[in-house]
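Given the structure of chain A, go ahead and fit chain B onto it with the hints provided.
Residue numbers (the working numbering), protein chains in the order written: chain A, 193 to 542; chain B, 193 to 542.
When chains are identical, the list treats them as one kind, so a pair holds in a single copy or across two.
Below, a list of computed lysine to any residue pairs in the SDA-like style, where the Cα atoms sit at most 20 Å apart:
hint	residue 1	residue 2
1	Lys-348	Lys-421
2	Lys-196	Asp-300
3	Lys-450	Phe-528
4	Lys-450	Gly-523
5	Lys-241	Phe-231
6	Lys-201	Asp-300
7	Lys-450	Asn-524
Honestly, the hints are just simulated from the structure, not real lab data.
Quantities reported herein were computed from a predicted structural model and do not represent experimental measurements.
There are 2 protein chains.
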Amino acid sequence: MENKELLVKDSCWMQNIQDTPIVLSTRVRLARNLAGASFPHILGAEGGKEVEKKISDTFGETVVSGEQFTYLSLGVLNPLERRILVEKHLISPDLANGKEFSGVALTDSHKVSVMVNEEDHLRIQVLMPGFNLSESLALAKETDEKMESKLDFAFKEKFGYLTACPTNVGTGLRISVMIHLPALVMTNQVQQVLGALTHIGLAVRGLYGEGSRALGNVFQISNQVTLGKSEEDTLAYLETMTGQIAERESQARQDLWKEVGVMLQDKVWRARGTLEHARLLSGDEVIGLLSEDRMGVEMGILPKVQAGFASLLVNSSYGCLQYRIDRPLDGNYADFERANYIRGVYHTKD
Amino acid sequence: MENKELLVKDSCWMQNIQDTPIVLSTRVRLARNLAGASFPHILGAEGGKEVEKKISDTFGETVVSGEQFTYLSLGVLNPLERRILVEKHLISPDLANGKEFSGVALTDSHKVSVMVNEEDHLRIQVLMPGFNLSESLALAKETDEKMESKLDFAFKEKFGYLTACPTNVGTGLRISVMIHLPALVMTNQVQQVLGALTHIGLAVRGLYGEGSRALGNVFQISNQVTLGKSEEDTLAYLETMTGQIAERESQARQDLWKEVGVMLQDKVWRARGTLEHARLLSGDEVIGLLSEDRMGVEMGILPKVQAGFASLLVNSSYGCLQYRIDRPLDGNYADFERANYIRGVYHTKD
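So here's chain A without its partners, still in its complex pose:
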């Protein structure tokens, strides 16, 4: 697959999964390091080059879930291509801004991505649409085992896998879900519901990770600690908590419907009207409108849209938009092209 083709396509996790509303996607990540090499932040150029080569050489022979990897060294990616990978959650902003001798290996479906020389030598990541913890973990472990059969990972019996940051020591596992909570936001319950999570070992972030605002009422919830917990415990805990939050969101939607049904209909239909007809849409505005529209569809108020919420969110973000248009989008042009893109999806014949 050509690099452009690989970058421009929708990632598997962006698919429209109608049977799991509220939970948009599931991510499982394993942190791994090579035995006998310093962690990336103290590795230096020579060591970095060596580690990158050692790891990237293995991708050619690795097949997971029937798919091969393409390895993209950061050096061959221009800033826009890096940005797209961030917008699709395939690499971290840190890797995008990062040093030489780092890169990412992607399967064609983007289900599995492996970052090389980010905070750890390897960050194996599985991204799936919907609420899909077991399958995601199984695929991450399959990838881990296949990599480990060719590489010697730093591991101590007492601690587990060694990692650059102590919070990842142990299983090196982080599980996160992306969850869409518009009704909890509208009813001012979201602080209370999500605030409680930080006291019980979970982290809450916005759509684009640490420090990012909760654009479009999308939140990422993940486990904080790995040491001393089994993979199964971590998974079961996150599964339970996510289920409870989704239930609260679902309840808040039913309450809104009962108490202010017409106002809710008005709100989501106005969002639909603007998406269908606007000629200029800023990035912030479109995310808010898409969030309302998605809730309207899930509640049966609005007709379905062909493209999924996650696909629309990502594809209307600046990098993806510019990459498809293939020229710089200054001033109003990004808002103009974003509105064009959205109108195309909403099949407006204006």
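For chain B alone, kept in the frame of chain A given last:
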């Protein structure tokens, strides 16, 4: 024609006149009083009753432009029916709130309405769609002559027709146009353009007459003085000034199109989207949206709508809405029914 049928129908002036954008309607009014009777404000009950009878008796035999009159005494009209007549500009708010022994005679098309015992014994009014001064004046004069053939009007050779308020003495003529100036409002030129008019003998008012705000960017422009001016002079003057203002509006639209074309398209298309889909529309909001939509249609940006701007403005106002629905519209219900009405017109199949 039944009263309900007469009240609920669109008045002739509310028709969609595509060939005269900007100027929505033309109104010509003649103030007349009966010789030998006090002006209405000092007339008293006995005299009022007598004047009303004398005038209303003549309507049965009067035909103007092939149409007969129906006389509605204020006493037979409930508050909602009075309100509708005000919303359709067929009677003044003063008459609606007024005393016994007053009323209005209407032709079936509502082109001609004659108020009885308002400020003067008779207020003959002609309301036509578009920019239609000569025809309106001719019809007012035809009505005046037919009434005068049966009634003795107070007239002095030196002054002309005598009226309760000195500003109307002379021809008793007031000509006004309703003019839609969204581009002058958007470009902040409207104060300058209309402000100048008050220094040259013209009055500027909002959509519903004296003291009313310029809802929907609609203004009424009329002559102030009648004494010492011929009907033809008054007409020619207002015709020239109206033409100039319409030209300024037209120029402002072209400038907007050249300078901020996409933003303009965005604005009017968003208005269309909201009109098509909203479930709740307040009276103030709908007037603003209809104004933007109308400009978009006139500029060829938006597809045409079946109903005209004036018809939509009037029919979405509270009284007309409630009269059609035929039950009290409390709380959100008026906004709900207004949105239903508008969606019906915009043919949305939601």
